[in-house]
Amino acid sequence: MIAESEWINRARAGQEAAWEALVHQHQEPVFRLAYLWLGDPAEAQDVAQEAFIRAYQALDRFDLNRPLRPWLLQITSNLARNRRRSVARYLAALQRKLRAEPEPIFNVEQTSAQQQTAQTLWQAVRRLATLDQEVIYLRFFLDLSEAEMADSLNVPAGTVKSRLHRALQRLRALITTEFPDVQPWLEG
Amino acid sequence: MSDLPPPSDQAGLPPWATQLHQLARALPYPPTPDLTRRTAPTRYPVTKPWISWAALGLAVVLMVLAVSPASAGLWEWLQIGVVRILRVSATATPIPTAHLTPTFGPPLSATPTLTPTLLPPGATPLPAFADWPGLTTLAQAKAQTPFHILRPTYPADLGEPDYVFAYQNHGAMVVLVWLDPQKADEVLLSFQILEGAFWIEKALDKDSVIVHTEVAGAEAVWTNGPYPIRLKNGDYENTRLVKGHVLIWAKDNFTYRLETSFTLTETLSIAESLR
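Read top to bottom, the protein sequences are chains S and L. The numbering of the first sequence is this note's numbering, which starts it at 1 and goes up by one. The numbering of the second sequence is this note's numbering, which starts it at 1 and goes up by one.
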């Protein structure tokens, strides 16, 4: 099995197949993180694409001693947050409201009760502050370890722990007051 | 989804974090698109750093020229306190001005009531505030906010606000919301006090009206909705659509916003009544 650092070196050398292999390996979490931030599949795809393009352009400077995924997710988060702030997005949202179009939330047919509650949970998380959302997405939605989160967020592991703690406190308070349907799923 | 093992370092997290993790992992996602061909290195050049800096510098210059309030170009903007108003215009359109001239509806009657003289398209529905943090009571907001919370004394029968939000991060924000007594799920009036480092941007289309006026001697701006606004403070961000009108003014280190369906004249009276 080829180590990730070797794939990166081959991609740096211009081997297109090596870069495609890396993209293929990481595109799902990158796309899903963009989707969690933006709530729209098309915008998430745009951001995910841009994240890989920027990663490739910065690949020469990437530290091979680090895992690639946290770094890719860091780029993705930054791009997605910038996209959320764009005025063009506000005007697009305005136009949708005026046309009484539904919010671009992905609907899955025949979702289970657990999946529906997971969507409600996501709505609750989206109500939190940006920093709280970030740590919850990385840890609980995308399965990053605290070490990987520290790498992605570029903070010490202790900071990750304290941010998670505070974010969970605020999430629990919000669920208790405004999303009671989620509460039974968090007990027992 | 993940080809990495789930994190086992749950130490230090509350017991329900495990259930949270299971629930979060059950979220259904759209299918992941195949990005391998879309991000292949042969499809885009690697730019040299000095070219990127030159392009950035040019972009900054163009942006400064474009957003100068003295120029009538693609963007027009003006600023009141911490509120920046951007107007997107396809053609060069100067911002119209008027002074204390009611733009909508008849003037105040001798015995004002809570019934707006200008009927919506206006009233901002309560769900617009659903994602605001800091829902509290007026008493608690007074206790935790480091400044005096102004409240309108006009109309005389306005009463206590139905909702109060108080949020502190880099600076404090207080929002008082009065519901329409005739339509309980619609907002009649919303008064925002923003201290310090809060930042609001609103984007108006070319047909929006902007009226320059005054509140107690302070420069003020009145605009009509609907328009999207973004509120940002430190790590907190909120974007929502405002369908009503808004009066904005600033004094000392505070910015004030009155969102309402009333006429300009009535709203100015409300603003002048704040104590």
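Worth flagging that the hints you see were computed from the coordinates, not collected in a lab. We put the beta carbon where it would ideally sit given N, CA and C, even for glycine. Careful: at least some of the hints might be erroneous.
As the list claims (entries may be wrong) - Derived DEER-like restraints, expressed as beta-carbon distance ranges:
hint	chain 1	residue 1	chain 2	residue 2	range
1	L	Q168	S	A13	33 to 41 Å
2	L	E272	S	S112	19 to 27 Å
3	S	T177	L	Y29	25 to 33 Å
4	L	Y154	S	Q57	32 to 40 Å
5	L	Q168	S	R54	32 to 40 Å
6	L	Y29	S	R66	24 to 32 Å
7	L	G12	S	D60	45 to 53 Å
8	S	R12	L	P15	20 to 28 Å
9	L	Y154	S	S112	39 to 47 Å
What the hints assert, rightly or not - Facing chain L, according to a computed beta carbon distance under 8 Å, are these residues of chain S, among others:
hint	residue
10	A48
11	R61
12	F62
13	W71
14	T111
15	A118
16	G158
17	T159
18	K161
19	L164
20	F179
21	D181
22	W185
23	L186
24	E187
Holds or violated: the hint that T159(S) contacts chain L, with Cβ atoms closer than 8 Å. Hint on T159(S): violated, closest Cβ of chain L at ~13 Å, above 8 Å.
Can you verify the interface hint for W185(S): is its Cβ closer than 8 Å to any Cβ in chain L? Given a least distance of 5 Å, the restraint on W185(S) holds.
Report holds or violated for the interface hint on L186(S), using the least CB-CB distance to chain L and a cut-off of 8 Å. holds (4 Å)
Is the gap between the beta carbons of E272(L) and S112(S) within 19 to 27 Å? Violated, since E272(L) and S112(S) (Cβ atoms, about 57 Å apart) do not stay within the stated range.
C-beta pair T177(S), Y29(L): status relative to the range 25 to 33 Å that was hinted: holds (27 Å)
Restraint: E187(S) near chain L, CB-CB cut 8 Å. Satisfied or not? holds (7 Å)
With a cut-off of 8 Å, does the beta carbon of L164(S) approach a beta carbon of chain L closely enough for the hint to hold? With a minimum Cβ separation of about 6 Å from chain L (threshold 8 Å), the hint on L164(S) holds.
Do the numbers back the hint for A118(S), that is, is its least Cβ distance to chain L under 8 Å? holds (4 Å)
Report holds or violated for the interface hint on D181(S), using the least CB-CB distance to chain L and a cut-off of 8 Å. With Cβ-Cβ at 11 Å, over 8 Å, it is violated.
Taking the beta carbons of Q168(L) and R54(S), is their distance inside 32 to 40 Å? holds (35 Å)
Less than 8 Å between beta-carbons is the criterion; does G158(S) satisfy it with respect to chain L? violated (10 Å)
Holds or violated: the 20 to 28 Å window for the beta-carbon distance between R12(S) and P15(L)? violated (45 Å)
Violated hints, in rising order: 1, 2, 4, 7, 8, 9, 11, 12, 13, 16, 17, 20 and 21; the structure is consistent with all others.
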